[in-house]
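Q: If you want the building blocks of each chain, they are given just below.
2 protein chains.
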Amino acid sequence: MNEHYFAVIMAGGGGTRLWPLSRKSRPKQMLRLFGEHTLFQVAIHRLEGVFDPDHILVVTVADQAAKLREQWPEIPAENYLLEPMPRGTASVVGLAAVALQKRDPEATMAILTADHFIQDEEKFRRLLIAADEIARQGNLVTLGISPTYPSTGYGYIHRGKTAGEYQGMEAYEVLSFKEKPDEANARLMLQSGDYDWNSGMFIWRVDRILGEFQRLMPDLFGKLAELSQAWDTQARDEALSRIWPAIKSETIDYGIMEKAERVVVLPAKGLGWNDVGSWDSLFDVIPADQDGNIIVGADHIGIGTSGSLVFNDGSGRLIVTIGVKDLVLIDTGDALLVCTKESAQQVRLAVSQLKKANRQELL
Amino acid sequence: MNEHYFAVIMAGGGGTRLWPLSRKSRPKQMLRLFGEHTLFQVAIHRLEGVFDPDHILVVTVADQAAKLREQWPEIPAENYLLEPMPRGTASVVGLAAVALQKRDPEATMAILTADHFIQDEEKFRRLLIAADEIARQGNLVTLGISPTYPSTGYGYIHRGKTAGEYQGMEAYEVLSFKEKPDEANARLMLQSGDYDWNSGMFIWRVDRILGEFQRLMPDLFGKLAELSQAWDTQARDEALSRIWPAIKSETIDYGIMEKAERVVVLPAKGLGWNDVGSWDSLFDVIPADQDGNIIVGADHIGIGTSGSLVFNDGSGRLIVTIGVKDLVLIDTGDALLVCTKESAQQVRLAVSQLKKANRQELL
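As they're listed, the protein sequences go chains A and B. Positions 0 to 362 (numbering that gives the first Met the number 0) are the ones given, in order, by the first sequence. Positions 0 to 362 (numbering that gives the first Met the number 0) are the ones given, in order, by the second sequence.
Don't take every hint at face value.
Copies of the same chain are indistinguishable here, so a pair counts whether it falls within one copy or spans any two.
[Said to hold, decoys possible] Think about it this way: if two alpha-carbon atoms lie no more than 27 angstroms apart in a straight line, the pair counts; the simulated BS3-like pairs of lysine-lysine are:
1. Lys354 to Lys177
2. Lys247 to Lys258
3. Lys23 to Lys160
4. Lys324 to Lys340
5. Lys268 to Lys179
6. Lys354 to Lys179
7. Lys355 to Lys324
8. Lys340 to Lys122
9. Lys354 to Lys122
10. Lys101 to Lys324
11. Lys179 to Lys160
12. Lys354 to Lys324
13. Lys122 to Lys355
14. Lys268 to Lys23
Source of the hints: derived by calculation from the structure; they are not laboratory data.
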């Protein structure tokens, strides 16, 4: 293990795409989709051998911190960085950079997600080690995901010429970042073979990313500098509370990556990555039974039932399905979702209606 | 009102075709499918003007009697006839005939169901009055339902020549009863126009039906005679308990109607009768909204939802449906049924599985 290498887990997301299981009080990273462990626990567990718990930082918001800490008590309390309120991924990276620079000016940080699925964890660890090597040379590294279908839900990264081989894997200079495309452009990019999905996972040296903040997001950099001054003093919390509300929400992709210098992509082939962005994506990550059904936590009787997901959390009731195909059925204590696989993305419409109706108890 | 005319409501059925709402402890006649009233209450209410509460008998089993009595307290306690155990509709009729013969040897009895839907209640009352007139002349009257589709779920009655007009409605001699047909025969009978569905509602004089029992079911008649002897004594309950277990279960249709003399059918056109035999039948009796949905008792958000039934009883939870069509969703406190309209008849398969697994708490 490299003592200058740190993981930064972004675990502050709300996320309602897995409603009714995910709620404000139970964000996606706290869900137990695959068994006994939460997505957050899975995300930490797969870092074993690359990062000690002491070298794992978690950026979250105040009201999630206590629950997350229970999930992995070995991570020291001071490694939890609390945003007073969410301000986009740029400020998450900035906050972690400020903290790490104080702790280790030579630090490399791997910005990782808390709520994604990765099939081949061994490969993921090799990618992280390779990315550290690339980052040490002063590059901003992004992990690319080899696209498997013309997704309109992800951003794309255009690969340029090779940037060398690391841990047996080829890295490439990045020509450009493309925002979420329409269907036609998604097909073109998939066919060309020159594009990877933007995974939202980045690896860089703290000094390099702070340099890019200074150059590309000077306003945010000024605020981070102010925070840095207060960091090792009793004024840290006060500074955070004062500075954070004034930050304009921005993503690291738009704020930095699209304009940064020396950006390298490390494509991950066959990683089995999935952002579990909607209920239908569970069919890509959980093995189905012989009828194509996935039954999680449910006391279920299926008659003529195929291609369906039956998920029970909290109600304990018997669920009987008859003659249904490609259906998603999520049964929680106070809400029940029944939708077709095809319309799983529209869960957000239901959540919008609940917001409009101010039904806080269900959000 | 005719003082010699009595209604006999058969309310002892179990019935699991409306599972998970209907259970052993909550049989179909106790369900509130159409609002605040149970099917039993609806069945009694539509008799108003034809039968006083005092002239309404209810045949049921012991463990249902108390709950039924709460439903309509005006019916005297002694009008409840309790079978020690169900023994088919022939013995139900026999029990009622024994009781009525003691009370009024000139009685006519209308055997009616407790769990069917009738749209045109005014017409139903006219039919009952006409049937009484026909029965007084010594005929066994059956109410026929004009078929609206080639059902394979009902028995059919073959009409013969006219038997006169009563209350402006034509009655016919019955040529024969046909058991539930296959699809091809159902089509032929529908096309011929000479057949009515067997509604299971009958009207006859007590002396006439007892005469047919003596001729066609002598064994049962012997037992009924024995019961009759004990009826007005303290030995009634003992006699019932002793006699009933020895009765062979038989339907009145098979035991009597198919072989009886002087059988007359009174066809009910446009009665809007429905036996509510499965969840999909609710679409025939409850008006749907503009999307073809029927929402009963449910806190429901529907997005792209059409032709579906969402029924909530007891859970109170929010139900969200997205992108579903022709779906039936029955949410009760301890069980949830999701099936297509098309497969609503297969609910019995689920109930069979529960029986096999001895899951009494769900039956």
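Q: Each hint should be assessed against the structure and marked as holding or not.
A: Here is how each hint holds up against the structure:
| no. | hint | verdict |
| --- | --- | --- |
| 1 | Lys354 to Lys177 | neither (31 angstroms within a copy, 58 angstroms between copies) |
| 2 | Lys247 to Lys258 | within (18 angstroms within a copy, 88 angstroms between copies) |
| 3 | Lys23 to Lys160 | neither (43 angstroms within a copy, 73 angstroms between copies) |
| 4 | Lys324 to Lys340 | both (9 angstroms within a copy, 13 angstroms between copies) |
| 5 | Lys268 to Lys179 | within (20 angstroms within a copy, 62 angstroms between copies) |
| 6 | Lys354 to Lys179 | within (26 angstroms within a copy, 53 angstroms between copies) |
| 7 | Lys355 to Lys324 | between (32 angstroms within a copy, 25 angstroms between copies) |
| 8 | Lys340 to Lys122 | neither (30 angstroms within a copy, 47 angstroms between copies) |
| 9 | Lys354 to Lys122 | neither (41 angstroms within a copy, 49 angstroms between copies) |
| 10 | Lys101 to Lys324 | neither (56 angstroms within a copy, 59 angstroms between copies) |
| 11 | Lys179 to Lys160 | within (23 angstroms within a copy, 77 angstroms between copies) |
| 12 | Lys354 to Lys324 | between (30 angstroms within a copy, 25 angstroms between copies) |
| 13 | Lys122 to Lys355 | neither (44 angstroms within a copy, 48 angstroms between copies) |
| 14 | Lys268 to Lys23 | neither (34 angstroms within a copy, 57 angstroms between copies) |
Going through the hint list in order, the structure does not satisfy hints 1, 3, 8, 9, 10, 13, 14.
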